[in-house]
Amino acid sequence: MKQVPAEYYQLMEQLQAVDFVLVELTLYLDTHNDDLEAINQFNHYVKERKRIKKAFESQFGPLQQFGNSYSGHPWNWDDSPWPWQI
Amino acid sequence: MWIYEKKLQYPVRVSTCNPMLAKFLIEQYGGADGELAAALRYLNQRYTIPDKVIGLLTDIGTEEFAHLEMIATMVYKLTKDATVEQMKAAGLDGHYADHDKALFYHNAAGIPFTTQYIQAKGDPIADLYEDIAAEEKARATYQWIINMSDDPDINDGLRFLREREIIHSQRFREAVEILKEEKGKKKIF
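Protein chains in written order, with UniProt numbering: chain L, 1 to 86; chain H, 1 to 189.
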C-alpha cells in the first residue's frame, strides 16, 4: 500500500463523515422534500464539506476533476494514491 | 453526467490477505443482488419512472457505484499479496487461470454477470417492488458473508454496506407511498 501521512487519513475521514450526513439527507429529502429542518441541516453540511474539501485539496491535491477542483502544476489529478491503494 | 471523486464512501480496511473471503465478496461485485446489478437497475429504470421518484433512483443508483468501488477495494486488498498456491487453495484457481488477480464481474461461483439479474417493467409499482426486494436480498447476502468472515476490519465495512441496503429499502418503500398518494389525488379530479 502507498504511504500517506496521518493527516491524509484524518482529513479524509472528516470528509467521509460529513459526506455520509449529506448522502443520508439527500436520500431522505428525495422522499421528504418539505422538511425545512432537514434542508437547513443539509445546507449547513454543504458549507462544512466545502471547508474540509478545501483543506484536503490544498495538501493532497484534487478530489474531483473535469473542472470541479483546481489543478496544481504539473497536472496532479492523476497522481497516486487512488482510494484502493491506501 | 457523473463526476468521479477520489475517495471511498467509507474507509475500507483489511486485516490479512484472505483470497477465500475475496471469493465470497465477489458475489456483491458481479452477482445477482450485487452492487453492479443495483446501480444498473436503478439508473435504467429512472428514465420511465414518474418524476416524483426520478431523483431517488438517480441518487441511490449513484451511491451503488460508490459501494461497488468499496467491494472492489476489499477484493483487491484481500488478494493482492496472495501467492498462486493461496489462490488455488481458496478455490480461485478458475479465476486465476482466466484473470490473474484482475477483478471481474462474476458471482461467488464464477458465473459471469448478466443483465438477466435486473428488471425494468415500466410499471412504477412493479419496478419499485423489484427494487425493494433487491435491497432486501443484498442485505441478506451481506449478512451471509459477515457470518463467514473472521476479518474484523472487513466486517466493519460490510456492516456499513448492510445498513445502506436497509436505508435504500426504506426510501423505496416511501417512494411507493408517494406514488400511491399521487394516484389517489388524480382520482379525485
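Hints were generated in silico from the structure; no laboratory data involved. There's no promise every hint is true.
As the list claims (entries may be wrong) - Derived pair list, reagent style DMTMM-like, types lysine to aspartate or glutamate, alpha-carbon separation capped at 25 Å:
hint: 1; chain 1: H; residue 1: K6; chain 2: H; residue 2: D81
hint: 2; chain 1: H; residue 1: K52; chain 2: L; residue 2: E37
hint: 3; chain 1: H; residue 1: K6; chain 2: L; residue 2: D35
To be verified - Quick partial rundown of chain L residues pointing at chain H, CB under 7 Å, derived from the structure:
hint: 4; residue: L25
hint: 5; residue: L27
hint: 6; residue: D30
hint: 7; residue: T31
hint: 8; residue: F60
hint: 9; residue: Q64
hint: 10; residue: F66
hint: 11; residue: S69
hint: 12; residue: G72
hint: 13; residue: S80
By construction, the Cβ of each residue, glycine as well, lies at the ideal position given by its N, Cα and C atoms.
*Check each numbered hint against the structure and report the violated ones by number, ascending.*
Violated: hints 3, 4, 8, 11, 12 and 13.
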